[in-house]
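*Asks:* Here is what each chain is made of, one letter per residue.
There are 4 protein chains.
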Amino acid sequence: MTGMSRFSLPQDEAFRKLNDSLSFDWRLAPYDVRQSMAHARMLTARGIIPEADGEELQRALAMVATEVEKQRFKFAPKDEDVHMAIERRVTELAGDAGARLHTGRSRNDQVATDMAMFTSEIALTSEETVLDLAQTLLTQAEAHLDWPMPGYTHLQRAQPVYLSHHLLAYTWMLLRDARRFRAAHEAASLLPLGAGALAGVDFDTDRPQVAEDLGFAGLVENSIDAVSNRDFVLDYLAAAATCATHLSRLGAEIVLWSSEEFGFADVSDAWASGSSIMPQKKNPDCAELLRGKAPRVVAHLSALYGVMHGLPLTYNKDMQEDKEHLFDAVDTLALMLAAADGMVATITFNRERLAAASGDELLAATDVADLLVKRGVPFRHAHGVVSSLVREAVSSGRKLSELSEDELRAASPELDGESFYGLLADRAWIESKASRGGTALAAIESQLGYAHAELDRARSDRD
Amino acid sequence: MTGMSRFSLPQDEAFRKLNDSLSFDWRLAPYDVRQSMAHARMLTARGIIPEADGEELQRALAMVATEVEKQRFKFAPKDEDVHMAIERRVTELAGDAGARLHTGRSRNDQVATDMAMFTSEIALTSEETVLDLAQTLLTQAEAHLDWPMPGYTHLQRAQPVYLSHHLLAYTWMLLRDARRFRAAHEAASLLPLGAGALAGVDFDTDRPQVAEDLGFAGLVENSIDAVSNRDFVLDYLAAAATCATHLSRLGAEIVLWSSEEFGFADVSDAWASGSSIMPQKKNPDCAELLRGKAPRVVAHLSALYGVMHGLPLTYNKDMQEDKEHLFDAVDTLALMLAAADGMVATITFNRERLAAASGDELLAATDVADLLVKRGVPFRHAHGVVSSLVREAVSSGRKLSELSEDELRAASPELDGESFYGLLADRAWIESKASRGGTALAAIESQLGYAHAELDRARSDRD
Amino acid sequence: MTGMSRFSLPQDEAFRKLNDSLSFDWRLAPYDVRQSMAHARMLTARGIIPEADGEELQRALAMVATEVEKQRFKFAPKDEDVHMAIERRVTELAGDAGARLHTGRSRNDQVATDMAMFTSEIALTSEETVLDLAQTLLTQAEAHLDWPMPGYTHLQRAQPVYLSHHLLAYTWMLLRDARRFRAAHEAASLLPLGAGALAGVDFDTDRPQVAEDLGFAGLVENSIDAVSNRDFVLDYLAAAATCATHLSRLGAEIVLWSSEEFGFADVSDAWASGSSIMPQKKNPDCAELLRGKAPRVVAHLSALYGVMHGLPLTYNKDMQEDKEHLFDAVDTLALMLAAADGMVATITFNRERLAAASGDELLAATDVADLLVKRGVPFRHAHGVVSSLVREAVSSGRKLSELSEDELRAASPELDGESFYGLLADRAWIESKASRGGTALAAIESQLGYAHAELDRARSDRD
Amino acid sequence: MTGMSRFSLPQDEAFRKLNDSLSFDWRLAPYDVRQSMAHARMLTARGIIPEADGEELQRALAMVATEVEKQRFKFAPKDEDVHMAIERRVTELAGDAGARLHTGRSRNDQVATDMAMFTSEIALTSEETVLDLAQTLLTQAEAHLDWPMPGYTHLQRAQPVYLSHHLLAYTWMLLRDARRFRAAHEAASLLPLGAGALAGVDFDTDRPQVAEDLGFAGLVENSIDAVSNRDFVLDYLAAAATCATHLSRLGAEIVLWSSEEFGFADVSDAWASGSSIMPQKKNPDCAELLRGKAPRVVAHLSALYGVMHGLPLTYNKDMQEDKEHLFDAVDTLALMLAAADGMVATITFNRERLAAASGDELLAATDVADLLVKRGVPFRHAHGVVSSLVREAVSSGRKLSELSEDELRAASPELDGESFYGLLADRAWIESKASRGGTALAAIESQLGYAHAELDRARSDRD
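Protein chains in written order, with the numbering used here: chain Y, 217 to 679; chain Z, 217 to 679; chain F, 217 to 679; chain E, 217 to 679.
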């Protein structure tokens, strides 16, 4: 703030560039105006500034709000941040009343309050968008309820599951993300304003009134903490990093499924790109970007930890860096969620390819072992028996069902051909996983009920 | 699991070294034993394994528990992880009953359950330790209630505060940390066990019984999610990273305060080191390490995000990396918290140095401006008036109180000598910050009440 | 590339937003134009496109270059990246000749080449700017050659040094940074172009000609590697992260030195900020931002590692993320270096405060121990003797020179008062560090010679 | 160093635990002993310690070296780091001569020197191991010279390449890694010793002699920089992070290729794991861990940046954290490289599956477009023509070769059936990529020559 300081020299241009924050903190303008309105109302109510000046301030702030909204706000060369730009403009509009606006307030508590307002609001928006995507995945799960596909561990086919079951796994991840965004919202819901520069103020202010006016749930009870703290930004960034990492897994799977080798899914043309040189290509760029953008969000989190690392209390200029890290994380995640939602809603699955892949007899191996267990063979022995059968089948290039009854009996006296071939023929093993949370249809139907209930609960919390 | 697999070749030694997890996952042994006990009880109750075998298993598992506790457990060359080592030993002790232990369970849901049990428990421990440190800081605040010191912004003296107020800022940070550890505990409180490899199991298990037996609050309702999810580890690591970053700020301040230039604090000899070459040195190594270890905890968080990035569902071997990142973060944070607690409890402050530094008349500048505001001068003008007085005083090498009445009046007609010199002489400006959350004694006393209440609330939640 | 693809549906708007890169990759436009000029020259020289079309292309590309330079280039709604925008415009200007430009080239090798050109060039710019700052620090060192100050370890005064010696430490760091930027330049100096989409091209191209035309030192010899590789970006980012971390140390020291407690340095008003509320404040914002921006550069490096992690060959859309990470790192570092240079060039040091702090008799403790060593006392015993003297002096509130001769003799028979008091009185201990690389003036003068030579060498390499 | 300090209180146990470094810095013992030998030789040669004591020290240090090597070294309770443990033992063995060992040296320059020696040596080891893996990949490339496989972009089949060409891409990555390790070796090749605590020493030492004795290439010319600098560790970690990221790509591809869907490769049983529950599973754990361990190495790099961030000069205790980050990165990378080498050397590829996948006619699309180009159609138009043919074929469920001549002519008058069907029938399009660096056999043979030459050059640099 050169213009008002004790300094004799103007700021160097290279310093102004480094120091300038208006290019990015302008995004806080609507919050800064609302904050100033509440602050001015309180100052007036407490008699700290004259009634008439209070009215003048509301009028001027309302005009600024309009200018901001309509993108008609004009910057002056000396506007170094959003706070100074708005106060300068208010003073142009309201004269001496404008010069009273900063009474009992400092840029330190002001910027902390803007950031809390922004984070609090954006966290709710993120929560809502995340719930929308959870719903879209749930809807797709319902639409593909009984489509068998291979479940994988280590990217090796392991046991068959229904596609609905696989998609619902993402719904549950997103429901957890929603909780994290809600927690970040709550972390941002204590009002810093009133802390002044760091020590409180020597006016008889009414912080609870301002909190209520701005929709905060409570107050930061220590003025030093109020201006030193950016935990709520870290909370938002951690929620965003985890959510982005979930989306990177979804994206990676869609990339896999879109390969010719898997051939499980086909992204809509509206969500794919071509090649500049290979006319046959249809690339799942959107899914790749879901994957490729997650490290960016994680990096913003690490960076803010780096900024706060070892900083003495209270406010240090380093903390200005909180904004760009937060804003880019917010925007990146919003793009990712919108794109994931659109891509998932329009993706088509290839029932035949999924079914063929899940029909691999080897996926029944666990069920064969369990059959032996049910006949009294200890599980570890049963596992050994079936391993040797698999080794025999694989090394001789046969399917399991092509093993002879003699081979079966040699492996284990409990293993008769009838049950063995029957189990393989029925392909019943997907429906055998009927335990709670398992992939049998009845279990999925219960799960859908739990997921709907959780979504409803999350949404009703928002009202 | 070479021994039981379909493979013909033994594992290569270099692979075994890369793959081996026993050296670190042995830490999960007590959880693995408790889990197996609960699992075996449920299998017996449901008639999945014979009653007699169930009893045999409990007996063998109890013996293993004792061997683990007494550090008498003997490893075998083929033990590649904690789960195999324990199952191998149980089978040695219980024969065929041991071979039944893994019925209806996979290493995938087993390790997820061990990790959830460990994280759930350690998160409560971290919460408790964090509350202890919050209490220690609060106790020190009460012991230094009215010791003035300079408050800083940008590491420049800004306004005086009481040392108690400054120390309480850390109490509030730690109270927030406690909430985060509690949330991580809750995130880890849904039981994965029963998910099998990924699809559920084909035995008629009773997951709610196991959950209740092990103290879980509920179930993971999707078996794929159960084995793919490590969100709760990320939650713990994020809580730990934020807490460690708070401690890095505390450490950095103690380093500063211990310098000859500040001279505000003296770490007890029991918490300091000497120099190998400079006999006069007393180094605040503990405080430096509080600062220097925070990036390590943050790095563990980033690393786990990196591990999970783009991983297709369900379990992939990459996820084995969750353990070392978590364990080292847990141990590092525990060391940091214990050391911070001991160092803070025994640190001594230098009342004279603090008071002298806070007595700087320039720290009254805001109060002079506010004096003018109370006489009707708009704040921004008052700020300008005082800035010019400061410039005049600094450039002429005088204190503010050495400015003449003529100079005061020239700066502003509202500025009479009596009030001006009086304000500076009274040194009352620290007590003027009487707003809620401010540094005036009355405000701090209210704040202490809030902090006590919050500590009590956090602790009663633990019962 | 919807327009030219096999697709029937237009891209979804949310996808376009996620996918769009024009907003940031436009920065590559000058490189893309130069690359296309060289590519077209080669195609013409090899007879792959007609001579007349070749001329038409050069004419059109020159016009585009001018439009880019004068910021008169007009974008079309379908321009999704810089490459398509320029090719579209060239085709508007040159008709069918424009449609021949992409012959024997793919966006994959094209973008890798643009990135290599940009990185190669910016690395040299960074090297130069780093050398300029190294020179500025060296100049300040020469201007403060014999100004004593305390040297610190653990932020405790340890031994006195000359300010020149301390400033030169940064010169050496920056000289190392310059080497790293040079290595990044070299890493980017192999031409990817000619790799086509991934497999090479089926035209008889002349890659060495293009390399020479564009100033590359050689060729990437594997077409798959050419389009999969972003190592050179990682190299630049690592160099930038280390350099930014060096600047963070410089910034942190200037913040410390600017505090009232240290009082060693005064940042010029042109490089400082005031406070919105505290009229007396002069804040070293520039130094704080040198510190606060380093984690951002480090985060860009981590993020790109995250992007490349586990990516199958060859090009994946994730790699589009390389650009924003690189560009912001480049811009952030450029701002930091320019600001550091200006701030360091104009900073003033306080000779008296530095001298007073370095005059602390305790800083002579090592020299007293060394005095005993020179009289035959083993170092470790001498260290013990002096430690006990320091303990005695500190606990009794005396200076070392206030210890009595009896106390000295009691501590060690080799310690006579004459040498002891003489050593303390002479304050000669700063000049005693005459070993190579040490702080004695003669040693610093040699060091200045080495530093000048290294700077000269680094600069002559640039010619 | 409690024992020798000015302190009256013993160190607190919690502090000792936090502060202790012996558990990890013991790894530096061999370097510390060699350093002490060289230091003692120099002290003796310069007459700073008596000849007899010098001999005594060499004798004692040789004994310690043996104790260290044979793991017979006994620790004492007060040994807080490797340096004190060794000096303590030397003094036990050599009496007063031992107490002279630390003359003209500080732990600050001592530890910097140990770290430089270790890093310098390990960087050469890493370089060698990396070259070995580059050679193994080259050998596998030669063994699979003409095996066609699909080349991918966006994980979509794009153009066919030879497997050799794909494997060689990794050889080139590793050759770049080798250069980075060599640069890290060079960065660690300047001797810090002789800097003392920070200011140089007041003995007439001979640093060039020590440098030559220990194999350093030169001296750190500024004593403050010598003890403040850890750039060479950052350089090693950056090289390791990039190398690990390369291995993560290799690991990810092997995971993909091992899936049933791709079926391109089969990891030897010696490099795979089974499942605890699914008898049919063969999991590519080693490849997964190559992927999963890369973020850990990257995290160590970020963490050390975090440690150094904003640290005032010179030595701060935070810097003790450099060791664990470096050591774990070294060990992790060594495990990864050894495992990658063994796995790659024994992996088998499935020629039929690779060939079948690369035979996809759509991969010829670029060649069809290029055919038109060679007949004078501008590339962009040719691309459009082939796109429409692909759309027609895909939507009607036909291969390209099943399109009728009428359809061809309708798409473009230049497209006659003879050339079109011929081109598809010949499957010649892999050999068409004959440009330098391309996948045609002749081009690969040239490339092999370049790769051999580069390997030879890298190895001869080592002699």
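Calculated from the structure, these hints are not laboratory results.
There could be a bad hint or two in this list.
Which copy? The list can't say, so a pair holds if one copy fits it or any two copies do.
Below, a list of computed lysine-lysine pairs in the BS3-like style, where the Cα atoms sit at most 25 Å apart [to be verified]:
(1) K590 <-> K294
(2) K498 <-> K290
(3) K290 <-> K233
(4) K498 <-> K286
(5) K286 <-> K615
(6) K590 <-> K286
(7) K294 <-> K498
(8) K290 <-> K615
(9) K290 <-> K590
(10) K615 <-> K294
(11) K590 <-> K233
(12) K615 <-> K233
(13) K498 <-> K233
(14) K615 <-> K590
(15) K498 <-> K615
Since the model is a prediction, treat every value here as computed from it, not as a measurement.
*Asks:* At most 25 Å between CA atoms: does that hold for K615 and K294 within a copy, between copies, both, or neither?
*Replies:* neither (79 Å within a copy, 31 Å between copies)
*Asks:* State whether the alpha carbon distance between K498 and K233 is at most 25 Å within one copy, between copies, both, or neither.
*Replies:* Result: close only across copies, 18 Å inter versus 43 Å intra.
*Asks:* With identical chains treated as interchangeable, where does the CA-CA distance between K290 and K233 reach 25 Å or less: within a copy, between copies, both, or neither?
*Replies:* within (19 Å within a copy, 28 Å between copies)
*Asks:* When Cα atoms must be at most 25 Å apart, do K294 and K498 count as within-copy, between-copy, both, or neither?
*Replies:* between (51 Å within a copy, 18 Å between copies)
*Asks:* Give the relationship of K615 and K590 under a CA distance limit of 25 Å: within one copy only, between copies only, both, or neither.
*Replies:* The answer is within: 24 Å in one copy meets 25 Å, while 50 Å across copies does not.
*Asks:* How would you classify K615 and K233 at a CA-CA limit of 25 Å: within, between, both, or neither?
*Replies:* This pair counts as neither: shortest intra-copy Cα distance 70 Å, inter-copy 34 Å.
*Asks:* Is it within a copy, between copies, both, or neither that the alpha carbon of K286 lies no farther than 25 Å from that of K615?
*Replies:* Neither: 70 Å inside a copy, 49 Å across copies.
*Asks:* Given a CA cutoff of 25 Å, do K498 and K286 count as a within-copy pair, a between-copy pair, both, or neither?
*Replies:* neither (41 Å within a copy, 36 Å between copies)
*Asks:* First find the shortest C-alpha distance between K590 and K233 inside one copy, then the shortest across copies, and answer within, between, both or neither for a cut-off of 25 Å.
*Replies:* neither (74 Å within a copy, 37 Å between copies)
*Asks:* When no copy is named, should K290 and K615 be tagged within, between, both, or neither for a Cα gap of at most 25 Å?
*Replies:* neither (76 Å within a copy, 41 Å between copies)
*Asks:* Classify it for me, K590 with K294: is the Cα-Cα distance of at most 25 Å met within a copy, between copies, both or neither?
*Replies:* Classified as neither: same-chain Cα gap 81 Å, cross-chain 28 Å, threshold 25 Å.
*Asks:* With identical chains treated as interchangeable, where does the CA-CA distance between K590 and K286 reach 25 Å or less: within a copy, between copies, both, or neither?
*Replies:* Neither: 73 Å inside a chain and 37 Å across chains, both beyond 25 Å.
The structure shown violates the earlier hints numbered 1, 2, 4, 5, 6, 8, 9, 10, 11 and 12.
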